[in-house]
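One-letter residues, chain by chain:
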Amino acid sequence: GDSVTQMEGPVTLSEEAFLTINCTYTATGYPSLFWYVQYPGEGLQLLLKATKADDKGSNKGFEATYRKETTSFHLEKGSVQVSDSAVYFCALSALYGNKLVFGAGTILRVKS
Amino acid sequence: EPEVTQTPSHQVTQMGQEVILRCVPISNHLYFYWYRQILGQKVEFLVSFYNNEISEKSEIFDDQFSVERPDGSNFTLKIRSTKLEDSAMYFCASTGLRLAQYFGAGTRLSVL
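Going line by line, the protein sequences match chains A and B. Quick note, in our numbering, the first sequence goes up one by one and the last residue is 112. Quick note, in our numbering, the second sequence goes up one by one and the last residue is 112.
Calculated from the structure, these hints are not laboratory results. Careful, some of the hints might be misleading.
From chain B, some residues computed to sit far from chain A (all C-beta separations above 12 Å) [unchecked claim]:
#1 Glu68
#2 Lys83
#3 Leu112
Beyond 10 Å from chain A on every Cβ pair, some chain B residues (computed) [as the list claims (entries may be wrong)]:
#4 Arg22
#5 Ser66
#6 Lys78
#7 Asp86
#8 Ser87
Which residues of chain A face chain B? A partial, calculated answer using Cβ under 8 Å [said to hold, decoys possible]:
#9 Phe89
#10 Gly97
#11 Lys99
#12 Phe102
Cβ atoms here follow ideal geometry from the backbone N, Cα and C, with glycine treated the same way.
Please construct the entire structure, taking both the sequences and the accompanying hints into account.
Encoded structure:
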């Protein structure tokens, strides 16, 4: 079945450092890909999405590019802030309306 | 901005009791979902609902679980006889024409 694999955390960075969180997926067909963020004590917030190969999703300085050839959707940010500390989930949906399949989540800790 | 609302935020119950978790999806959304997240683990799909019927369910969603859309706005998840292992954060989500699923803040269910 479909699956998502994320790099294990926690990832600990200093403020203004460059962030990469790796995400690869296994799916039949052409899934849509998402990054969700969960701040402490809160629910899941959509961070960005991409629906086809070579699409780049971006939001709040975060970016991810849908790479079909490597089945990857890595999350990047050029300069992290303490407020970016959260758990980041990569997810896919095989078709419109279908369930989301989540990765295990990656804890990001940013130190000032 | 429209949002998914869930009530209550925290539900404490005794093992064997019935609980109903409530959600108000974003109006004009078409698909509705329940997910759960056991503490420290990944987000797991439970069930999706479209056109007043279940469109997909996971192995977790056994006969103890049911969903209902009793009116035009509410979407509920019922657990008939709770078990200790049902303790988790339960998230409701909905999606419209823009593909991405939008999540509520969650209900923390504690089964004692």
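How the hints compare with the structure:
| no. | hint | result |
| --- | --- | --- |
| 1 | Glu68 | holds, 19 Å |
| 2 | Lys83 | holds, 23 Å |
| 3 | Leu112 | holds, 21 Å |
| 4 | Arg22 | holds, 15 Å |
| 5 | Ser66 | holds, 18 Å |
| 6 | Lys78 | holds, 20 Å |
| 7 | Asp86 | holds, 19 Å |
| 8 | Ser87 | holds, 17 Å |
| 9 | Phe89 | holds, 7 Å |
| 10 | Gly97 | holds, 5 Å |
| 11 | Lys99 | holds, 4 Å |
| 12 | Phe102 | holds, 4 Å |
Of the numbered hints stated above, none is contradicted by the structure.
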